[in-house]
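Trainee: Take a look at the letters that make up each chain.
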Amino acid sequence: MIDTLYRPGHSAVHSFDCRLKLFLLPLLLIYFFLPLSLPAAGLYTACFAVLILIYLGFRDLLIPLKMIFPLLILITLITPLFHRTGTVLISAGDFTLLTGRGLDETIRYLARFSGISFLFFLFFRSTAMDDILLGLSWYRLPYTLTLVISIALRYIPHLAGLYGQIKAAHALRCSIEDDLPRSRGIGKIRNLFPVLVSLVIQSVKTIPVLTMALELKGIGRSNPRSQSRTLITPESVRIQIFSSLLLIALLITNLILFSSIK
Amino acid sequence: MENQTDRSKQNLAFRIAAVAVLTALTTVCTMIIRVPVTPTRGYINLADVAIFFTALTFGPFTALAAGGLGTALADILGGYAQWAPITFFAHGIQGMAIGMIFRASGVDSRGRMILALILSFIAATVIMAGIYFVTGGLMYGFGAAATEIPGNILQNAAGVIVGFPLYLAVKKAYPPISAYRW
Amino acid sequence: MYILYRTSACDYNGAMTSSPLLLEITDYSFRFPGYPGLESGTLFQSMNFCLKRGEFRIMLGGPESGKTTLSRCLTAVYPGLTQAEVSGRISIDGESINSRSACDWIEQTGIVFQDPEEQIISTRCDDEAALPLESLGIPADRITALRSESFKHFSIEGMEERDPLSLSGGEKKRLLLASLEMQNPDLWILDETVDELDREGQTYLLEYLQKKAEQEGKGILLLASRYRDIYSRCGAGLALLKDGQILLQEDCPGFMELLEGEGLVSAPEEGRGVLPGTTDPLLQLNNIHFTYPGNPDFTLRIDALRVNRGETLFIAGSNGCGKSTLARILCGLLEPEEGEILLNGRTGEKDVLNRSCAYLFQNPDYQLFLPSVKEELALGLKYSSHSKDTRRKMVDDAVRLFKLPSGEAPPALLSFGARKRLQGAIYYLLEKHLYILDEADSGLSYEDYFCILRELKKKGAALIVISHDRSLRKAETGRTVFMEKGRIVSEEGRV
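Protein chains in written order, with this note's numbering: chain Y, 1 to 262; chain S, 1 to 182; chain X, 1 to 495.
Think of the hints as simulated: they come from the structure by calculation, not from any bench.
Keep in mind the model is a prediction, meaning the values are calculated, not measured.
Yeah, the Cβ is synthetic: ideal placement off N, Cα and C, and Gly gets one too.
Any given hint could be a false lead.
[As the list claims (entries may be wrong)] Heads up, simulated DSBU-like pairs for lysine-lysine below, C-alpha to C-alpha not over 30 Å straight-line:
1. Y:Lys205 - X:Lys382
2. Y:Lys167 - X:Lys152
3. S:Lys172 - X:Lys403
4. X:Lys211 - X:Lys152
5. X:Lys242 - X:Lys212
6. S:Lys171 - X:Lys388
7. X:Lys388 - Y:Lys167
8. X:Lys388 - X:Lys403
9. Y:Lys205 - S:Lys172
10. X:Lys459 - X:Lys350
11. X:Lys382 - X:Lys403
12. S:Lys171 - Y:Lys167
13. X:Lys211 - X:Lys242
14. S:Lys171 - X:Lys403
15. Y:Lys167 - S:Lys9
[Claimed, not checked] Which stretches of chain S does chain Y cover? Using the computed rule of at least three CB atoms under 8 Å from a CB of chain Y, they are:
16. 11-24
17. 45-57
18. 63-72
19. 122-135
20. 163-176
Chain Y with its partners taken away, still in its complex shape (with noise of 0.2 Å):
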């Protein structure tokens, strides 16, 4: 029931250090909102693109694409309202449509939210939420959250199957010859509302039983933690570190020459 972006696979991005993907995702993000020039921004979005086409195919980068488009039409229609200095470029008798000033606002917009799903997306299908996790633990994130994290995955399936079970359980409380009332919107919710509620009941349910199976793994105790899974770093890790920092000195190069700020 529950479907994970995550897609194994032996690509280059995927067999990138999760450390390092951790490391440079903020980074990347960070530029989308950096002053560029229109073409420079366009071109970086184009490379996430490039990079999910070449190492996922061309099936994967429509599955973001299809995840935003509504929203991408959304811009398309809204933004150039917003923006109604510069050459008019498309007008309405007096009321003016489209400026030259929109246009360049409305596809950089576009750029920067396609980019930023398309490196989401990148980042997600190709590292395993367990991979994650480890590399953010490597980053000194506490144990408790990544604890609380992992526990959340191990009964998101089981609550999902838990909210299934308890509607089929309801929709067989009533008699042969009962006359339901046929519902609808509103109706909708009311109906919801006592799976809901034993939904809510049996979760609040688990608390105390999965505070002690915590207590019994020894979680609370004073002593430091050892691990015993870690990231495996993979041989070709001197070269991702390299390419890493001749990436971000690409960037800052490619910002320095083409900052839209004048």
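With the hints as your guide, set chains S and X onto chain Y.
Mentor: Leaving out everything else, chains S and X in the frame of chain Y:
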């Protein structure tokens, strides 16, 4: 009975357990339980219901952690990963605000309760819709971001309208829950 | 120092050995808190017990005798969040269990839960097994070495990267046993661990535990809800947990008769006034084919199955053979891809099946959500045509017939047996053609089971019981259908 050991170690385990389970519950409410509101393709998810319940039952800090993490995980799992960091703050702070308002008001009299409900609805809406508006504006323009405000208000309204009765119903059906607050 | 304790609690057989006491329970009482409509329940009353190093004991107790609570008290997680009233003393190696938090006891005591899913918190088997050792700060290479050894002992090697929840019931228990072996505490508590293992696994486990106790001086306490012949052969002492007290085999002359009396040996052969079924078909399944989306490994294929009006039909088979899937199809909760379901000779639509069939889920809590038993019972009558007074009377009758503690009690706080009876009562009040009891044997006493069965049968509807327990099938007459890998393989008994 011999002297009690200090409960802090158990409390740590309990807090981890509570936050983890409620995070999972929030994720499930966000991703799976969807209520169609319009015949076309308008859905409201129950994320805000879960957050409202968590804030009322477990207090502001659990709501911050579980509300933020739960919705962020739902974004990651559901393929809207680019939203996850923003969602964490939008829903986390929203949950914390609701929890703080209810903690400050105390839930003793009917009048104060209604006041707290109204206040928390306003605070939750302003925080959540506000954060989404500002960050959305930076990502793809304030014009497009503004169109999401009504939907977010609706979400919050559903949160209060369903979340509060849910809290009452669960408290009545499972009394030990009142001891879980911290 | 323990000599002093010996006279207080452990003067049971005079024959003192030199092995030191590991666990000692002295004058221990445990009382759950009460809630409106539900009296507080005393579970243990001045209980005394002790376990020496090197001793392996099997403690039997019926459902709700407090086995699980006891196991939790012994690992220091109870009273914890339960708000229970506790008095007396439990000590391990002479140290009171209250003196430390549960997490600081894990080197001394360890447990395997009755329900493995409650204990598993990771999404990988290797992580699950490593967690306690990581908490103890044991170096990674040592953990890996211990793990590969323990996984071999319990034959789960090669499953390190799998999700524990995807394992079968028996494999989950073996994973937790391996994890306990790695943790290697002094006191091992195993809550109904023998169940769900196959015969071979049971024998292996008992021999293993006996050896562990003797050679390494561990104290091992195995809790069980049913007596098995292999227990008497494994060299372990027996004990009975009854009415909040622990009785030892060596203290009670007629110990086996006592177990028999508690219904722990076999199901009572009740020649109940069995209402004979008819040969009048109620439901007919023809050429049913079903697969779960996204799971190509399992297909359910039922060529023909007939359920007659008023009969009792047992469905038996191992885990994952498709029993529950079949039950869901009968209730209209799942729609088959092919084939037809005839109800009273007409095609059964999803909606019609939903109304005609009742499905008592293994977990009774799925249906419970209201604050009191009465409200819960009255809910199903909301859309019926009965008058208000009749409804009230029906609800009162149901409370009495199903021996529910009171109409005001909050359902979520009732004991498992009572919740299960409440679930039965809810369906008793609904008019249905068919009642399906899923995994009726798990955690339910024979008495409760027969109570539910008897009352539902009186309604004259057909009954389908899904059960592992052979003795349940013996006590009732009816057909049994055996399933394997999504197919019906054989049938026995007559209508």
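Trainee: Taking the hints in turn, state whether each one holds.
Mentor: Here is how each hint holds up against the structure:
Of the supplied pair hints, the one linking Lys205 of chain Y and Lys382 of chain X holds, its CA atoms being roughly 28 Å apart against a limit of 30 Å. The hinted pair formed by Lys167 of chain Y and Lys152 of chain X fails the criterion: a straight-line CA distance of about 41 Å is larger than 30 Å. Simply put, Lys172 of chain S and Lys403 of chain X have alpha-carbon atoms about 23 Å apart, close enough for the 30 Å limit, and the pair holds. For the given pair, Lys211 of chain X sits about 17 Å from Lys152 of chain X by alpha-carbon distance, which is consistent with the 30 Å threshold.
The straight-line distance between the Cα atoms of Lys242 of chain X and Lys212 of chain X is roughly 28 Å, inside the 30 Å bound, and the hint therefore holds. Our distance criterion of 30 Å between C-alpha atoms is met by Lys171 of chain S and Lys388 of chain X, whose separation comes to about 28 Å. Between Lys388 of chain X and Lys167 of chain Y, the direct Cα distance comes to roughly 28 Å. Compliance with the 30 Å bound is thereby established for this hinted pair. Distance hint between Lys388 of chain X and Lys403 of chain X is fulfilled; the C-alpha atoms sit about 23 Å from each other, no more than 30 Å.
Between Lys205 of chain Y and Lys172 of chain S the CA atoms are separated by roughly 14 Å; this keeps the pair inside 30 Å, and the hint holds. Our distance criterion of 30 Å between C-alpha atoms is met by Lys459 of chain X and Lys350 of chain X, whose separation comes to about 23 Å. The hinted pair formed by Lys382 of chain X and Lys403 of chain X meets the criterion: a straight-line CA distance of about 23 Å does not exceed 30 Å. Of the supplied pair hints, the one linking Lys171 of chain S and Lys167 of chain Y holds, its CA atoms being roughly 21 Å apart against a limit of 30 Å.
Restraint check for Lys211 of chain X and Lys242 of chain X: the C-alpha separation of about 28 Å stays at or below 30 Å, so the hint holds. Restraint check for Lys171 of chain S and Lys403 of chain X: satisfied, since their Cα atoms lie roughly 26 Å apart, inside the 30 Å limit. Pair hint Lys167 of chain Y plus Lys9 of chain S does not hold up; C-alpha atoms about 37 Å apart against a cutoff of 30 Å. For the region 11-24 of chain S, the stated coverage by chain Y is satisfied: 12 residues place a CB nearer than 8 Å to a CB of that chain, which reaches the threshold of 3.
Check on the region 45-57 of chain S: 4 of its residues sit with their Cβ under 8 Å from a Cβ of chain Y, so the three-residue criterion for coverage holds. Counting residues of the region 63-72 of chain S whose beta carbon lies closer than 8 Å to any beta carbon of chain Y gives 3, which reaches the threshold of three, so the coverage claim holds. Taking a C-beta to C-beta cut-off of 8 Å, the region 122-135 of chain S contributes 0 residues in contact with chain Y, too few for the three needed, and the coverage statement is violated. Check result for the region 163-176 of chain S against chain Y: holds, 6 residues qualifying (beta carbon to beta carbon below 8 Å, three or more required).
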